[in-house]
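Participant: Listed below, chain by chain, are the residues.
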Amino acid sequence: GESVGLHLPTLSVQEGDNSIINCAYSNSASDYFIWYKQESGKGPQFIIDIRSNMDKRQGQRVTVLLNKTVKHLSLQIAATQPGDSAVYFCAESGGYNKLIFGAGTRLAVHP
Amino acid sequence: GAVVSQHPSWVICKSGTSVKIECRSLDFQATTMFWYRQFPKQSLMLMATSNEGSKATYEQGVEKDKFLINHASLTLSTLTVTSAHPEDSSFYICSAKSGSRTDTQYFGPGTRLTVL
Chain A
1 GESVGLHLPT
11 LSVQEGDNSI
21 INCAYSNSAS
31 DYFIWYKQES
41 GKGPQFIIDI
51 RSNMDKRQGQ
61 RVTVLLNKTV
71 KHLSLQIAAT
81 QPGDSAVYFC
91 AESGGYNKLI
101 FGAGTRLAVH
111 P
Chain B
1 GAVVSQHPSW
11 VICKSGTSVK
21 IECRSLDFQA
31 TTMFWYRQFP
41 KQSLMLMATS
51 NEGSKATYEQ
61 GVEKDKFLIN
71 HASLTLSTLT
81 VTSAHPEDSS
91 FYICSAKSGS
101 RTDTQYFGPG
111 TRLTVL
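So the sequences go chain by chain: A and B. Here the working numbering is used: the first residue of the first sequence is 1, the next is one more, and so on. Here the working numbering is used: the first residue of the second sequence is 1, the next is one more, and so on.
Since the hints were made in silico from the structure, they are not lab data. Careful: at least some of the hints might be erroneous.
[Claimed, not checked] Pair ranges (Cβ atoms, derived):
{"#": "1", "chain 1": "B", "residue 1": "59", "chain 2": "A", "residue 2": "24", "range": "18 to 28 Å"}
{"#": "2", "chain 1": "A", "residue 1": "60", "chain 2": "B", "residue 2": "65", "range": "39 to 49 Å"}
{"#": "3", "chain 1": "A", "residue 1": "111", "chain 2": "B", "residue 2": "16", "range": "46 to 56 Å"}
{"#": "4", "chain 1": "A", "residue 1": "29", "chain 2": "B", "residue 2": "60", "range": "14 to 24 Å"}
{"#": "5", "chain 1": "A", "residue 1": "68", "chain 2": "B", "residue 2": "114", "range": "19 to 29 Å"}
{"#": "6", "chain 1": "A", "residue 1": "8", "chain 2": "B", "residue 2": "59", "range": "34 to 44 Å"}
[What the hints assert, rightly or not] Calculated lysine-lysine pairs in the DSS-like style (CA-CA distance at most 25 Å, straight line):
{"#": "7", "chain 1": "A", "residue 1": "42", "chain 2": "A", "residue 2": "98"}
{"#": "8", "chain 1": "A", "residue 1": "98", "chain 2": "A", "residue 2": "56"}
{"#": "9", "chain 1": "B", "residue 1": "14", "chain 2": "B", "residue 2": "64"}
{"#": "10", "chain 1": "A", "residue 1": "98", "chain 2": "B", "residue 2": "55"}
{"#": "11", "chain 1": "A", "residue 1": "98", "chain 2": "B", "residue 2": "41"}
{"#": "12", "chain 1": "A", "residue 1": "56", "chain 2": "A", "residue 2": "68"}
{"#": "13", "chain 1": "B", "residue 1": "20", "chain 2": "B", "residue 2": "55"}
{"#": "14", "chain 1": "A", "residue 1": "71", "chain 2": "A", "residue 2": "98"}
{"#": "15", "chain 1": "A", "residue 1": "68", "chain 2": "A", "residue 2": "98"}
{"#": "16", "chain 1": "A", "residue 1": "56", "chain 2": "A", "residue 2": "42"}
{"#": "17", "chain 1": "A", "residue 1": "98", "chain 2": "B", "residue 2": "20"}
{"#": "18", "chain 1": "B", "residue 1": "64", "chain 2": "A", "residue 2": "56"}
{"#": "19", "chain 1": "B", "residue 1": "14", "chain 2": "B", "residue 2": "55"}
{"#": "20", "chain 1": "B", "residue 1": "14", "chain 2": "A", "residue 2": "98"}
{"#": "21", "chain 1": "A", "residue 1": "42", "chain 2": "B", "residue 2": "41"}
{"#": "22", "chain 1": "B", "residue 1": "64", "chain 2": "B", "residue 2": "20"}
{"#": "23", "chain 1": "B", "residue 1": "64", "chain 2": "A", "residue 2": "98"}
{"#": "24", "chain 1": "B", "residue 1": "14", "chain 2": "B", "residue 2": "66"}
{"#": "25", "chain 1": "B", "residue 1": "66", "chain 2": "B", "residue 2": "55"}
Nothing here was measured: the structure is a model prediction, and the numbers come from that model. Backbone N, C-alpha and C define an ideal beta-carbon position, used for all residues, glycine too.
With the sequences and hints as input, model every part of the structure.
Facilitator: The following block contains the structure:
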């Protein structure tokens with residue numbers, strides 16, 4: 001089913017540290033996963049995606065890890081910067097052309 | 001590339017009136033567009049999926065007569081909130097994609113609707 005969070009968990013990190021944001025997805029049949037970044041008052045921005053035939057995918061300063069055994073997805077951000085402060089959502093797609101979004105995690109980067 | 005725009009970015013209306021929100025894919029043809037609703041500090045809730053030239057598919061619990069969706073072309077979808085009430089106040093976000101199911105969805109900047 002869909003995930004709706006009333007209280008966003010917050011991850012606080014120091015500037016320059018690495019950040020790890022976790023996500024548990026619900027549908028074992030999902031085969032496509034995406035991480036989005038959403039800044040206040042804006043629409044979600046695509047960060048990185050991964051298909052279920054992969055365990056890891058790297059982008060610029062970001063890495064997504066997929067563990068299908070425990071239905072877990074993580075986003076690693078290297079050398080976190082103040083501009084990375086935002087809410088991060090994972091999303092899964094298992095068919096019917098639509099995405100199911102997770103509850104979201106707020107990342108707060110402190111100088 | 002892959003830019004999606006929305007208009008207006010914010011709107012204030014009186015109860016009982018109707019409001020139309022436009023979603024446009026600016027540099028690609030969107031075979032499928034999606035409409036989401038987001039309340040403060042919450043995740044995105046899919047309202048409906050629309051394919052160009054066909055009727056929208058609404059998620060369970062979303063009133064199709066209240067939230068009218070039209071996807072008249074490969075670059076434009078509209079959401080009309082009819083007879084708006086204060087509880088319809090929310091952040092409405094569209095997304096668009098082309099091609100296969102696993103193609104990336106690109107999101108618009110959102111429209112903040114406030115119903116007085």
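Participant: Each hint should be assessed against the structure and marked as holding or not.
Facilitator: Okay, the hints, checked on the actual structure:
1. Between residue 59(B) and residue 24(A) the CB atoms are about 22 Å apart, so this pair conforms to the stated range of 18 to 28 Å.
2. Taking 39 to 49 Å as the suggested C-beta distance range, the pair residue 60(A) and residue 65(B) conforms, at roughly 45 Å.
3. Between residue 111(A) and residue 16(B) the Cβ separation comes to about 48 Å, which falls inside the hinted range of 46 to 56 Å.
4. Checked against the given bound of 14 to 24 Å, the beta carbons of residue 29(A) and residue 60(B), roughly 19 Å apart, stay inside it.
5. Between residue 68(A) and residue 114(B) the Cβ separation comes to about 42 Å, which falls outside the hinted range of 19 to 29 Å.
6. A hinted range of 34 to 44 Å for the beta carbons of residue 8(A) and residue 59(B) is inconsistent with their spacing of about 22 Å.
7. For the suggested pair residue 42(A) and residue 98(A), the alpha carbons sit about 21 Å apart, so the restraint of at most 25 Å is met.
8. Distance hint between residue 98(A) and residue 56(A) is fulfilled; the C-alpha atoms sit about 23 Å from each other, no more than 25 Å.
9. About 21 Å separates the Cα atoms of residue 14(B) and residue 64(B), which keeps this hinted pair within 25 Å; it holds.
10. Of the supplied pair hints, the one linking residue 98(A) and residue 55(B) holds, its CA atoms being roughly 16 Å apart against a limit of 25 Å.
11. The straight-line distance between the Cα atoms of residue 98(A) and residue 41(B) is roughly 22 Å, inside the 25 Å bound, and the hint therefore holds.
12. The straight-line distance between the Cα atoms of residue 56(A) and residue 68(A) is roughly 11 Å, inside the 25 Å bound, and the hint therefore holds.
13. Proposed proximity of residue 20(B) and residue 55(B) is supported: the alpha carbons are some 17 Å apart, at most 25 Å.
14. As the CA atoms of residue 71(A) and residue 98(A) are separated by approximately 18 Å, the hinted pair is consistent with the 25 Å bound.
15. Annotation: proposed proximity of residue 68(A) to residue 98(A) holds, straight-line Cα distance about 20 Å (limit 25 Å).
16. For the hint pairing residue 56(A) with residue 42(A), the CA-to-CA distance comes to about 28 Å; that exceeds 25 Å, so the pair is violated.
17. Among the hinted pairs, residue 98(A) with residue 20(B) is consistent with the structure: their alpha-carbon atoms are about 23 Å apart, no more than 25 Å.
18. Restraint check for residue 64(B) and residue 56(A): the C-alpha separation of about 40 Å exceeds 25 Å, so the hint is violated.
19. Of the supplied pair hints, the one linking residue 14(B) and residue 55(B) is violated, its CA atoms being roughly 28 Å apart against a limit of 25 Å.
20. For a cut-off of 25 Å, the pair hint linking residue 14(B) to residue 98(A) is broken: about 32 Å separates their Cα positions.
21. Of the pairs offered as hints, the one joining residue 42(A) and residue 41(B) holds, with about 13 Å between alpha carbons and a cut-off of 25 Å not exceeded.
22. Among the hinted pairs, residue 64(B) with residue 20(B) is consistent with the structure: their alpha-carbon atoms are about 14 Å apart, no more than 25 Å.
23. At most 25 Å may separate the alpha-carbon atoms for a hinted pair to count; residue 64(B) and residue 98(A) meet this at roughly 18 Å.
24. Between the alpha carbons of residue 14(B) and residue 66(B) the distance comes to roughly 16 Å, so the proposed pair stays at or under 25 Å and holds.
25. At most 25 Å may separate the alpha-carbon atoms for a hinted pair to count; residue 66(B) and residue 55(B) meet this at roughly 15 Å.
Figure legend: structure checked against the earlier numbered hints; hints not met, in rising order: 5, 6, 16, 18, 19, 20.
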